[in-house]
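Following the hints, complete the assembly by docking chain B onto the known chain A.
Okay, here's what each chain looks like letter by letter:
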Amino acid sequence: MTTTDIPAPTARPPRSAPASERRPAREREGAAWVFLSPWVLGASVLTLLPMAVSLYLSFTDYDLFNAPRWVGLRNYTQMFTEDPRYWRSVLTTLTYVVVAVPLQLALALVVALALKNMKRGKGFYRSAFYAPSLLGASMSIALVWRAVFNDGGTVDNLLGTGGWVNKPGWALLAVALLTVWQFGAPMVIFLAGLQQIPAELYEAAAVDGAGKWRQFVSVTVPMLSPVLFFNLVLQTIQAFQVFTPAFAVSAGKGGPADSTLVYTLYLYDRGFVASHMGYASAMAWVLLLVIGVVTAVLFRTSRSWVFYASEGDR
Amino acid sequence: MPGHRTKGFCAAAAALVLCAVSAGCGGSGESVGGGKVVLRYTWWGNPDRAARTEQAVALFEKQHPNVRVQTSFSGYDAYKQKLAIQATGGDAPDVMQLDYRQIDQYASGHVLLDLGKVKDVLRTGEIDPGLLATGRVDGTQYAIPQGRGTETVVYDVKAWQASGVPLPRQGWTWNDWADAVRALAKKTGKPGATDPGQSEDAFEVWLRGQDKSLYTKAGGLGFTAGDLARWWTFTDRLRREGAVSPAEQTTQLDGSVENTPLGRGKATADFNWDAPSSGYRALVPTGVALAPMPSGEDGTPGQYFKPSMFLGVGAHTGHPKEAAALVDFLLNDDQAAKILGATRGIPVNETIRKDTAAQLKDFDRTVADHQASLEGTLKDPPQAPPSGDNALQTTFQRDYDQVSYERMSPREAAENYVTEAKAELRS
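Keeping their order, the protein sequence lines are chains A and B. Counted the way the working numbering counts, the first sequence spans residues 1 to 314. Counted the way the working numbering counts, the second sequence spans residues 1001 to 1427.
Each statement offered as a hint is correct.
Here are the simulated distance ranges between beta carbons:
id	chain 1	residue 1	chain 2	residue 2	range
1	A	39	B	1119	48 to 58 Å
2	B	1082	A	66	15 to 25 Å
3	A	39	B	1220	46 to 56 Å
If you only want the chain A side, here are some residues facing chain B, beta carbon under 7 Å, derived:
id	residue
4	65
5	168
6	251
7	256
8	257
9	273
10	274
In short, the hints are calculated from the structure, not lab data. Computed from a prediction, not measured in an experiment: that's the story for all the values here. Glycine included, every Cβ here is placed at the ideal spot set by N, Cα and C.
Just chain A, same shape as in the assembly (with noise of 0.2 Å):
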């Protein structure tokens, strides 16, 4: 393990030794490798080791039980070429990226918007808003979802339309809407961007004779726009890793006939369910690859959407 690259004899700090002008450089290093040393011990056993194992892992067969055994670029292969039901939980995660997102994003802008302006009661809003982000992810309001989008539960009861998350068509839903209920984190980095618009802004848009929708379309969606791709890049990849919410809602199963299987639910499937490791280890750095290149594609795009208030200083 690396917990031994950590200095050890620099633990201890001499007190009572001014002859640390001697080194002081030295000495410096060596308080900064103490304060350091529980991010580098977190960072290296917890992330970058697991990671390395993780990448060994994914060109080996590995049931856990046994020592996993080389096989190359198979899980790979198998992954592109043999597993349909691969294909299915990518494009089930695709298509729940690509509704969840934006419904998530619009709903934490309008209600930013409505804050904005608010006189009274906005700090209680505000938490009241925010409070599912805190919730939300928990175990437990995910199977509060399950009890109420079930068959006999309170949206059925309300509508009549018999459980949500046992129609393979209106699954995903409910489990997108799970995720668009925690629109807080998103709608607090909204506002205070919506702060930072300076009113002469809108003022100036006023005298020019511009109507509500002009200035939010002229003046608020530009300013805004660097906080919008900020949170459009956070919340896109967060959707691309959902778990809790599919797991919870579909018992662990990803069903109705697979129609919430999104990829780390399959991922973890094969992991610990049917104890390829390998296999799940190869779908994780996919996945890792997958995140990164739509990460770097939001980013290119960026450059002809998102206004930067500096560059109009140039």
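Positioned in the frame of chain A, the structure of chain B alone reads:
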């Protein structure tokens, strides 16, 4: 963790960090304050089994004042996953309940203790040698069967009687069963049974009724896509007719009786193993009865007696003696047997079985009678399934989902399953 405070805060903190980062630290069966040995004992089951198990464990603790037993249980699906994760993390419980399907994988994966090492504590002399052998892998005893179980038709007896449909009887065939659920649906207005299409267990009984099997002796697939397509066509037709539960109900099955259509009051009958069927009593107020599984059309029985579940000891337990003592207590103690009854199947200890047979009450009596009625009419059980089967059970349900939601024809889904199964069994 033992608190060596004298060695200073630094040491403790360092130990804590190291402990946190090396997942195996502590492991199972470590001692806690008071010098008591702590054993972790996990099983799957229903609340009825839980109540009785707690009672038996309390008695064990009374007899062994130096031991404390931490118990935990859940439904089968959740249990299966959790145990796999614990086992592979080197953190298997000291005593664990195992299924026939898990023995092979867990034994070859060095998760289970060789019980030969604790044979002076754990007595097996009164267990039928044939039954005992089912817990052996490559000649080593890794687990001990806890009881004998058999698949059964469990039904809401009042509702069935009221409908006027003839009650299930010995030797009835799958066609008789289909006619019965059709008639029940017509008379009662709700499906006659849970759709058995998703159940690998029911499929196995149906296959065996035609002298086929799930797996070959060599651990390959014992049936063809054509066989499976015929089974799924059969169940799918009944589903379309409304004779068995609709897809929305069937998909909610997770191995617990609470989430079955019969348990939710949405069907009249179900297939289940006999012992866990006691769970239906709390859910079906009018009471349930057990009947034999349908036979093949020529009368070949597909049903069989199988070791219902096993007890194993974790290979890395810190207290093999105490763990073995707990297993011994659960299997061979008269008092424990009285408390546990037939909740895990009829006891395996021959003396206890004979002694307690007369004292069995309520549902235990029902299970015992059910098994007695089948004695001598069934064929030999299949050998333990190969390790890949563990994952295939889930695949089976998933593929049938595609049929019952009408996204694939029975033929397509069956071919999918067979392809996946072959890959799974090869790896």
